[in-house]
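Quick note on numbering: my numbering labels position 15 of the sequence shown as 16, and the sequence is numbered without any gaps.
Treat the hints as calculated values from the structure; they're not laboratory data.
One or more hints might be untrue.
Okay, derived cross-link-like pairs now, EDC-like style, lysine to aspartate or glutamate, Cα gap no bigger than 20 Å in a straight line [stated by the list, open to error]:
{"#": "1", "residue 1": "Lys-77", "residue 2": "Glu-93"}
{"#": "2", "residue 1": "Lys-338", "residue 2": "Asp-297"}
{"#": "3", "residue 1": "Lys-318", "residue 2": "Asp-184"}
{"#": "4", "residue 1": "Lys-131", "residue 2": "Asp-184"}
{"#": "5", "residue 1": "Lys-201", "residue 2": "Asp-173"}
{"#": "6", "residue 1": "Lys-77", "residue 2": "Glu-137"}
{"#": "7", "residue 1": "Lys-131", "residue 2": "Asp-180"}
{"#": "8", "residue 1": "Lys-131", "residue 2": "Asp-173"}
{"#": "9", "residue 1": "Lys-77", "residue 2": "Asp-168"}
{"#": "10", "residue 1": "Lys-190", "residue 2": "Asp-173"}
{"#": "11", "residue 1": "Lys-318", "residue 2": "Asp-330"}
{"#": "12", "residue 1": "Lys-30", "residue 2": "Glu-10"}
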Amino acid sequence: MATPSADWEQDLVAAVASLRVRGPARLLKQINVHRDDDAEVNDDDVCRLLDAHNQQDSHAVRQLALALADWDFEEKPLWDDPQNPTSPPTTERRALVYRLLRLTPEAAARLDVIAAVATMRTTVISTRWKPWYTEERQARSAFYWPHYQAYLLDQRRWPAESVAALDKATTDVVQRISDPTSDDSYQSKGLVVGYVQSGKTANFTGVIAKAIDAGYRLVIVMTGTIELLRSQTQRRLDRELVGRENLTRGLVDGEAAEEFDYADDGDWLADNFVSHGDDFLARGYPGIERMTLLHDDYKRLKQGLSRMQFHHRDRSKPFYDPENLMPADARLVVVKKNSSVLTRIRE
Numbered sequence: 002m003a004t005p006s007a008d009w010e011q012d013l014v015a016a017v018a019s020l021r022v023r024g025p026a027r028l029l030k031q032i033n034v035h036r037d038d039d040a041e042v043n044d045d046d047v048c049r050l051l052d053a054h055n056q057q058d059s060h061a062v063r064q065l066a067l068a069l070a071d072w073d074f075e076e077k078p079l080w081d082d083p084q085n086p087t088s089p090p091t092t093e094r095r096a097l098v099y100r101l102l103r104l105t106p107e108a109a110a111r112l113d114v115i116a117a118v119a120t121m122r123t124t125v126i127s128t129r130w131k132p133w134y135t136e137e138r139q140a141r142s143a144f145y146w147p148h149y150q151a152y153l154l155d156q157r158r159w160p161a162e163s164v165a166a167l168d169k170a171t172t173d174v175v176q177r178i179s180d181p182t183s184d185d186s187y188q189s190k191g192l193v194v195g196y197v198q199s200g201k202t203a204n205f206t207g208v209i210a211k212a213i214d215a216g217y218r219l220v221i222v223m224t225g226t227i228e229l230l231r232s233q234t235q236r237r238l239d240r241e242l243v244g245r246e247n248l249t250r251g252l253v254d255g256e257a258a259e260e261f262d263y264a265d266d267g268d269w270l271a272d273n274f275v276s277h278g279d280d281f282l283a284r285g286y287p288g289i290e291r292m293t294l295l296h297d298d299y300k301r302l303k304q305g306l307s308r309m310q311f312h313h314r315d316r317s318k319p320f321y322d323p324e325n326l327m328p329a330d331a332r333l334v335v336v337k338k339n340s341s342v343l344t345r346i347r348e
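Let the sequences and hints guide you as you build the complete structure.
Structure follows, in structure tokens:
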């Protein structure tokens, strides 16, 4: 029997990407549908790949694990068993996914080890809200969240089940705030509670990413009363969310470059800050403008209040109209809970 070429993992990546849109189905059939060589991938090939690799050292395995985690958490999927519906995320749901993928017991057992069903679950206590944050809405404007998701997977080496749990938890938050493109806005207050080192910073970073994608254009993060904590939060948001291209916009001369707050930063020099691509603004995605810097707590407004003005592309329409709102830059403010600082922001 012919052996498939070593690059068949790329066919696995493509197959998983297709199935994430459609739902779990015969994995081998999807892998082999576009293969050019004569050697088809079989169950033994899949088992060998899973035995040799895990999420951390194989992009293909990581993408498969992420798809499994997404299916674990999906609410009322169309592909669920109508006679015996499963609950997310449970071993029963995962077993159904394995059956739909037509995986062998050996492959399923290995995936249970390297891509276990998520144990992190959120409990939401919430009154009624107006549904607007649909899957179609999320997909239409997704930019900062997918980049943050990829950063967690590829650079922070988060397991796929943890990223999927974060995706679910942050969606639970964002869907309960007001639709920024609607004239029927309302105030929404909430409280997110988590254990020490449980991922609370990742949670609000994910919420910010999704909120900006959805159209929110002013984000204020209050970090406590100590400058060290404020600076640490600023740096983490700059590294994991704001990204290289937003950070370097406007650095066109030597004097500006000398003032750049990450010029000597080890992670910056090692290219460990998230990147959004040089052309993302030209493609219509919003930029993020920092109103605070690594060591400057809301002092940049000395340049003028014009930095807080939002410009209309079409003055015949309100700013919250998607034509004006969606391409506009978002403003990010990271401040201490200090009365004089908060007074300046209010003014």
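Here is how each hint holds up against the structure:
1. Lys-77 <-> Glu-93: holds (14 Å)
2. Lys-338 <-> Asp-297: holds (14 Å)
3. Lys-318 <-> Asp-184: holds (12 Å)
4. Lys-131 <-> Asp-184: holds (13 Å)
5. Lys-201 <-> Asp-173: holds (14 Å)
6. Lys-77 <-> Glu-137: OK: Lys-77 and Glu-137 at ~16 Å, within 20 Å.
7. Lys-131 <-> Asp-180: Within the cut-off at roughly 9 Å; holds.
8. Lys-131 <-> Asp-173: holds (13 Å)
9. Lys-77 <-> Asp-168: holds (17 Å)
10. Lys-190 <-> Asp-173: holds (13 Å)
11. Lys-318 <-> Asp-330: With a Cα-Cα distance of about 18 Å, the restraint between Lys-318 and Asp-330 holds, given a limit of 20 Å.
12. Lys-30 <-> Glu-10: At roughly 14 Å apart (the allowed maximum being 20 Å), Glu-10 and Lys-30 satisfy the hint.
Going through the hint list in order, the structure satisfies each hint without exception.
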